[in-house]
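Participant: So the chains spell out like this:
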Amino acid sequence: MLTYILRRFATAIPTLFVIVTLSFFLMRLAPGGPFDLEQPLEAKVMENLRRIYQLDQPLHAQYLTYLGALLRGDFGPSFYFRDFSIAELFAQGLPVSMRLGASALLLALTIGGPLGALAAFRQNGGADHAVMGFATAGITIPNFVVAPVLQIVFGLSLAWLPVGGWNGGAFRNTVLPIMTLALPQIAVIARMTRAAMIETLRANHIRTLRAQGLSGATIALHAGRGAALPVISYLGPAAASLLTGSVVVETIFGIPGIGRYFVEGALNRDYTLVMGTVVVVAIFVLVFNLVVDILYALLDPRVRLD
Amino acid sequence: MSEAVPLPAPPAGRTLWQDARIRLLRNRAAVASLVVLALMTLICSFGPWFTGHPYDRVYQDYVRVPASLSAYPKAEALPAAVQRIASRIRATSSEITVEAQEVRLVLTAQRPIDQRLLVYFDRSDQFGTPRLLASEQDGRRLALAVPIKRQHFLLGTDSNGRDLLTRTLVAGRVSLAIGLLATGVALVIGVVYGATAGYLGGRIDMVMMRIVDVLYSLPFIFLVILLVVFFGRNFILMFLAVGAIEWLDMARIVRGQTLSIKRQDYVLAAEALGVSTGGILKRHVIPNTLGPVIVYVTLLVPKVILLESFLSFLGLGVQEPMTSWGVLISDGARAIQATPWMLVFPAVFLVTTLFALNFLGDGLRDALDPRDR
Chain F
1 MLTYILRRFA TAIPTLFVIV TLSFFLMRLA PGGPFDLEQP LEAKVMENLR RIYQLDQPLH
61 AQYLTYLGAL LRGDFGPSFY FRDFSIAELF AQGLPVSMRL GASALLLALT IGGPLGALAA
121 FRQNGGADHA VMGFATAGIT IPNFVVAPVL QIVFGLSLAW LPVGGWNGGA FRNTVLPIMT
181 LALPQIAVIA RMTRAAMIET LRANHIRTLR AQGLSGATIA LHAGRGAALP VISYLGPAAA
241 SLLTGSVVVE TIFGIPGIGR YFVEGALNRD YTLVMGTVVV VAIFVLVFNL VVDILYALLD
301 PRVRLD
Chain Z
1001 MSEAVPLPAP PAGRTLWQDA RIRLLRNRAA VASLVVLALM TLICSFGPWF TGHPYDRVYQ
1061 DYVRVPASLS AYPKAEALPA AVQRIASRIR ATSSEITVEA QEVRLVLTAQ RPIDQRLLVY
1121 FDRSDQFGTP RLLASEQDGR RLALAVPIKR QHFLLGTDSN GRDLLTRTLV AGRVSLAIGL
1181 LATGVALVIG VVYGATAGYL GGRIDMVMMR IVDVLYSLPF IFLVILLVVF FGRNFILMFL
1241 AVGAIEWLDM ARIVRGQTLS IKRQDYVLAA EALGVSTGGI LKRHVIPNTL GPVIVYVTLL
1301 VPKVILLESF LSFLGLGVQE PMTSWGVLIS DGARAIQATP WMLVFPAVFL VTTLFALNFL
1361 GDGLRDALDP RDR
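For the record, the sequence lines run as chains F and Z.
Counted from 1, the first sequence has number 55 at position 55 by the working numbering; the numbering is strictly sequential.
Counted from 1, the second sequence has number 1072 at position 72 by the working numbering; the numbering is strictly sequential.
Chain F extracted, bound-state conformation (with noise of 0.2 Å):
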């Protein structure tokens, strides 16, 4: 098991490196720069700033600078925001986004599991319906029309909870947000939950289950144990998404995390934050894929990992 572990991050490592590469010269392909502002910089000031960033240097040169400095675990210093560097940036808001989005998983995961389950159950029946009904709502609504919803109903017509703000990370703050983020992947997971288990459901060893006279439960919990398999699948970039946060949550809820960056950085050719924001997503793309293997041969014996 650890040495497939330390393979698999082996091989995650040229991936990196290219994904690296290719958005380092892609980022500085687009036309502009960090220091365009409306009104342009005096010539003399303009010329300090780009050697104050080394991007006065040919581009090679920057490149093996960001690389060797990303080597040693530096980000650099944030064109954008410019007090901060992108280090501190990534200090303050990945553990906001990655609550908020741990959360949103964890509930989407205990809501949308079992809900598939029942349409499963009773497929083709009225409870089935209105389960793949409410998904399709969840996936086709988007979170930017939820948001707005929820803040109207639950912070101004009921005044149960705040329209927004983070206020040091207080459950009531916390809520909102969590049930925006979670209501598209709850109806994903009851979508995927629903197909694998009627797949599952057809299955020899749980029709023997169900000659030997079991009960429902039994059989749900022996047929859970197929059923997860692709819905561990579509977990695993899901969560690298979830837990990197996400803009539209973000900006409409006004709290701190970084989905914001990806946006705001590429906007304003900040390109140390972008870059730093590409390297963040692809690690935990790299690691929850790691994860999802290392789920898979736990659940299906049939699958060895060496």
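The reader is advised that the hints may include incorrect statements.
Only some residues are given here: those of chain F computed to face chain Z with a beta carbon under 8 Å [stated by the list, open to error]:
(1) T15
(2) T136
(3) T140
(4) I141
(5) F144
(6) V145
(7) L156
(8) V263
(9) A282
(10) V285
Chain Z stretches covered by chain F per the calculated footprint, using a threshold of three residues with CB under 8 Å from any CB of chain F [stated by the list, open to error]:
(11) 1303–1312
(12) 1346–1354
These aren't lab readings, by the way, just hints derived from the structure by calculation.
None of the values given here were measured: they were computed from a predicted structure.
Just so you know, even glycine gets a beta-carbon here, dropped at the ideal spot from N, CA and C.
With chain F held as given, fit chain Z onto it using these hints.
Facilitator: Frame of chain F, contents of chain Z only:
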């Protein structure tokens, strides 16, 4: 001699597509979705010509009026409107009586009223050209009959006073066109790429799929925002480019299908007969991958429409005065408390379309799934 007895016709087999059509037509949700989509396309394509308002016409007197089946201006709002115009003419209005087609009123002022100023009635969106009934006291007292301009705003107006129904329909055109355009691009690239990789196999396949893997691991938002930066606000170009990103899944699906198809006997036979690689791909491989591809396409269209609305929410999408469902929804979401109809109506259009596309996709998947027969 007896006449030749005609042989009984061989039992007509059903092709995959006939079978799929029958199964699809039996699925009520899918049929309903087809009808909804056809209707939506029709009203979005032709509706804007029949609403009576251009999509970019600003009605200054009707900013943020709520949806209403009866015509504007409302009778109870007329006296105030008349008074506003009267004060611009520097006169006071009195004896206002509202009739079916016109308003009768009397304007009085300290000095004789300049009749050219009556054009203010014309300029407003609510009245036509006033008729002078009587001029008394050397023109200091004018009796007028002003015809009322009746207009319908079935879904209300937006915060600039533009008709929301027209805008929603025009937005539908844009959103649907973008969805189809980007999906079309993704379809062409994905199918050709995937079929080629799968059919040629070996090292070429490996290299081609490695490229897909690398593109896959680049964060999607990053690519999209870069495209916005590159192509500026030209959304046609941008969505060609979005289509050029979305082909990755398509390529994987088609490659998987191709791998199993190329071992079939009819492909081997075609190879033995010396059909060229391109010919085999065109005649045998691509048509047989279409089932899963069609399903994926119906699910990709809503995905692209959602992506467009997401970009519009960030302010990177379609630019004013053109509009799309995403633009309307993000405008509505910002003003949800004061003017909820600005969110509700575009959202209903968008969600209905996406619902129908999703149900249709599910229905097609069930209809084309050979295991379910």
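Participant: Taking the hints in turn, state whether each one holds.
Facilitator: To see whether the hints hold, each was checked on the structure:
1. T15: Check passed: Cβ of T15/F comes within 6 Å of chain Z, closer than 8 Å.
2. T136: holds (5 Å)
3. T140: Holds, about 4 Å.
4. I141: Holds: closest Cβ of chain Z sits about 6 Å from I141/F, inside 8 Å.
5. F144: Holds. Min distance 5 Å.
6. V145: Holds, because the Cβ-Cβ distance from V145/F to chain Z comes to roughly 5 Å (cut-off 8 Å).
7. L156: holds (7 Å)
8. V263: Interface hint status for V263/F: holds (6 Å vs cutoff 8 Å).
9. A282: holds (6 Å)
10. V285: Nearest chain Z Cβ about 6 Å off; hint holds.
11. 1303–1312: holds (count 3)
12. 1346–1354: Check passed, 4 qualifying residues.
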